[in-house]
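Chemist: Protein chains in written order, with the numbering used here: chain A, 16 to 347; chain B, 16 to 347.
These are computed hints drawn from the structure, not numbers from a lab. It is possible that part of the hints are untrue.
As the list claims (entries may be wrong) - With beta-carbon atoms standing in for the labels, derived distance ranges:
| # | chain 1 | residue 1 | chain 2 | residue 2 | range |
| --- | --- | --- | --- | --- | --- |
| 1 | A | Asp283 | B | Val165 | 50 to 56 Å |
| 2 | B | Arg92 | A | Asp283 | 53 to 59 Å |
| 3 | B | Gln273 | A | Asp283 | 27 to 33 Å |
Unchecked claim - Only pairs whose alpha carbons sit at most 20 Å apart, straight line, appear in this in silico SDA-like list of lysine to any residue:
| # | chain 1 | residue 1 | chain 2 | residue 2 |
| --- | --- | --- | --- | --- |
| 4 | A | Lys289 | B | Glu137 |
| 5 | A | Lys289 | B | Asp337 |
| 6 | A | Lys289 | B | Tyr316 |
| 7 | B | Lys289 | A | Lys289 |
| 8 | B | Lys289 | A | Asp335 |
| 9 | A | Lys289 | A | Ala138 |
| 10 | B | Lys289 | A | Ala138 |
| 11 | A | Lys289 | B | Ala321 |
| 12 | B | Lys289 | A | Met336 |
| 13 | B | Lys289 | A | Leu30 |
| 14 | B | Lys289 | A | Ser134 |
| 15 | B | Lys289 | A | Arg323 |
| 16 | A | Lys289 | A | Ala321 |
| 17 | B | Lys289 | B | Ala243 |
| 18 | B | Lys289 | B | Val251 |
| 19 | B | Lys289 | B | Met336 |
| 20 | B | Lys289 | B | Ile248 |
| 21 | A | Lys289 | B | Arg133 |
| 22 | A | Lys289 | A | Gly63 |
| 23 | A | Lys289 | B | Ala138 |
| 24 | A | Lys289 | B | Ile314 |
The C-beta atom is built at its ideal place from N, Cα and C for all residues, glycine as well.
There are 2 protein chains.
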Amino acid sequence: MNASVSETPEPVVALPDIHAIRAAAARIAGHARVTPVMRSDALDALTGARLHFKCEHLQRGGAFKFRGACNAVWSLREDEVERGVVTHSSGNHGLALALASATRGMQAHIVIPEGAVRSKVEAIEAVGARIHRCAPTQAARDAMAARIRVQTGALLVHPYADTRVIAGQGTLALELLGNTPLLDVLLTPVGGGGLAAGVAIAAHALVPGMAMVAAEPAGADDAARSLAAGRRITDVVPDTCCDGLRATIGAPNLEALQRHRTQVLIVDDAQTIKAMRLLWQHLKQVVEPSSATVLAAVIAYPQVFAGRRIGVVLTGGNIDMDALSWGHAARD
Amino acid sequence: MNASVSETPEPVVALPDIHAIRAAAARIAGHARVTPVMRSDALDALTGARLHFKCEHLQRGGAFKFRGACNAVWSLREDEVERGVVTHSSGNHGLALALASATRGMQAHIVIPEGAVRSKVEAIEAVGARIHRCAPTQAARDAMAARIRVQTGALLVHPYADTRVIAGQGTLALELLGNTPLLDVLLTPVGGGGLAAGVAIAAHALVPGMAMVAAEPAGADDAARSLAAGRRITDVVPDTCCDGLRATIGAPNLEALQRHRTQVLIVDDAQTIKAMRLLWQHLKQVVEPSSATVLAAVIAYPQVFAGRRIGVVLTGGNIDMDALSWGHAARD
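Pulled out of the complex, with its shape left as it was, chain A reads as follows (with noise of 0.2 Å):
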């Protein structure tokens, strides 16, 4: 296997370790919120598991992203405020890194495909990032954020592949084993592979038997074949309703898979959106389909969960309330 065999051109990215992760910790403390851990006896009677729900939906932002996010705008020197950043994200990242700029009174620039969700370009530009419009194309958002670096100097904040951004999904881990350090498995779901590698990382230097599993939507299941291949597959066309899982596994992110020996288990939408619903109905909890794979997991895959400790990670809960209905009542 070699895992720094890539289709894309892409700056190679070193891992962060465990000492980078406590440092990510320190310097998002103040700025991200500590999430809640939640349980539900109606979830672990149906499953037969012990679920500890990580609520990142009630992150800032209402997503994980904001750690990443937080932790890359945090590290820069003082001399890099005045240049910005800028990332190419239509969904949390996007808002994360805005979200995270304003803490720093720094100017981020978001890349916005033409299509994007309404509420999320709104909520981008409430908190003060300027956006900039483009195709909806890979290529076409690759340009525009390279043409934003030329013409501003502004420093480019990857949404998974790189380093900082890791670092600070990582930060996840150590609140979650902190308040709950008997667990058997440590399950999140896998898109570019930011947050399945921070928290492998993290886990892995405080608990290193600890299981690592990762759930993936069975329309974007390039991580589990880029592990069976043992190399990054980057052909994949997504197709599915997780759409904070679309993107292609980076490649320090696949990486970190490899090493730390994550498992990953395919479900597809149908079962996402089931486990979606049992989470809204139990947890009384805003969760979108991306968090959901993780319980479509543990229920499709009751030799892999059954009587285990599980840490599971509910990743975001930015969901587009208009794809909702709300019954009889006027809604304008």
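Use these hints to put chain B onto chain A, whose structure you have.
Modeler: Relative to chain A, chain B alone:
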């Protein structure tokens, strides 16, 4: 004004004092959850107020009702335990009494009218309560409950016109003011008035000058009418999506609202549904329509709330998930 005038026969029920509420808090500790208080910068900005949401939808059984039911059950003498308890409620009080009875190993009889929501009936059955079906009229419910009392010796735990229940509901104000002492206003929904009464008694014992406000659906505005008339109005036919607030204000409950100068504000269902959507979106919390009347009131009456620090009780999160649309993915 004479609060003792009542069109329907009802036992004379004394209001609890702060000592009874403190005793209730001690009695239910270890059974009930200490629920969190949540905040949202977005909702503060939207309302111009500083909102502290007491999250009783995260209480056992998904509603504040467990407090009162638990206090009632644990107030019984040892020789009364074998008689069991009975109530008529297809909603949150029925489930709360079933759960509370289970904590003391008692039999609960829950009278449920035909046509009640299946998920609630299943939840009540799942905790071991005995369900008694009747026709969906108040007369049939009263008759069935009376028959069970005669046949089994079970003791009635009324949903709101009950000293022990009112005391139990009041415990949430002790918790809220203990965590968040600097409040100007305490805001609850009002249906039968168990919550509004208990909270007013507790809050005024701790902070005599605190403003007490209750939100009531326009389609079930008997509390507002009763306060205006100076006597209990019982002929309002409820027409509201807030299924937790269709009950007629109880006699002791109205007396408490009068004594504590509770201001009742009317909101319509469209305002409530819009507020529910805001709570789901910004707090990421699944609350039921009854719970959203409070935010609807804050938005509809800025002259009452703007610039003030408000304790807002989110009463429950038991919603019929089948009434929501779940997008393109399968459901069964």
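Chemist: Give a verdict on every hint.
Modeler: Hint check:
1. Asp283/A - Val165/B: 50 to 56 Å: Given range 50 to 56 Å: holds, Cβ gap about 55 Å.
2. Arg92/B - Asp283/A: 53 to 59 Å: Taking Cβ atoms as reference, arginine 92/B and aspartate 283/A lie about 56 Å apart, which means the hint holds.
3. Gln273/B - Asp283/A: 27 to 33 Å: Distance hint for glutamine 273/B, aspartate 283/A is violated at roughly 58 Å.
4. Lys289/A - Glu137/B: Roughly 19 Å separates the two Cα atoms, so the pair holds.
5. Lys289/A - Asp337/B: holds (12 Å)
6. Lys289/A - Tyr316/B: Judged against 20 Å, a Cα distance of about 39 Å means the pair is violated.
7. Lys289/B - Lys289/A: violated (25 Å)
8. Lys289/B - Asp335/A: holds (15 Å)
9. Lys289/A - Ala138/A: Roughly 28 Å separates the two Cα atoms, so the pair is violated.
10. Lys289/B - Ala138/A: The given pair, whose Cα atoms are some 19 Å apart, holds under the 20 Å limit.
11. Lys289/A - Ala321/B: The hint is violated at about 40 Å.
12. Lys289/B - Met336/A: Holds. Lysine 289/B to methionine 336/A sits at ~11 Å (cutoff 20 Å).
13. Lys289/B - Leu30/A: Roughly 45 Å separates the two Cα atoms, so the pair is violated.
14. Lys289/B - Ser134/A: Measuring from Cα to Cα gives roughly 16 Å; hence the hint holds.
15. Lys289/B - Arg323/A: violated (41 Å)
16. Lys289/A - Ala321/A: Between lysine 289/A and alanine 321/A the Cα gap is close to 19 Å, so the pair holds against 20 Å.
17. Lys289/B - Ala243/B: Answer violated: lysine 289/B to alanine 243/B is near 28 Å, above 20 Å.
18. Lys289/B - Val251/B: violated (25 Å)
19. Lys289/B - Met336/B: holds (17 Å)
20. Lys289/B - Ile248/B: violated (29 Å)
21. Lys289/A - Arg133/B: Between lysine 289/A and arginine 133/B the Cα gap is close to 18 Å, so the pair holds against 20 Å.
22. Lys289/A - Gly63/A: holds (17 Å)
23. Lys289/A - Ala138/B: holds (19 Å)
24. Lys289/A - Ile314/B: violated (34 Å)
The structure fails hints 3, 6, 7, 9, 11, 13, 15, 17, 18, 20, 24 (numbered hints given earlier, in ascending order).
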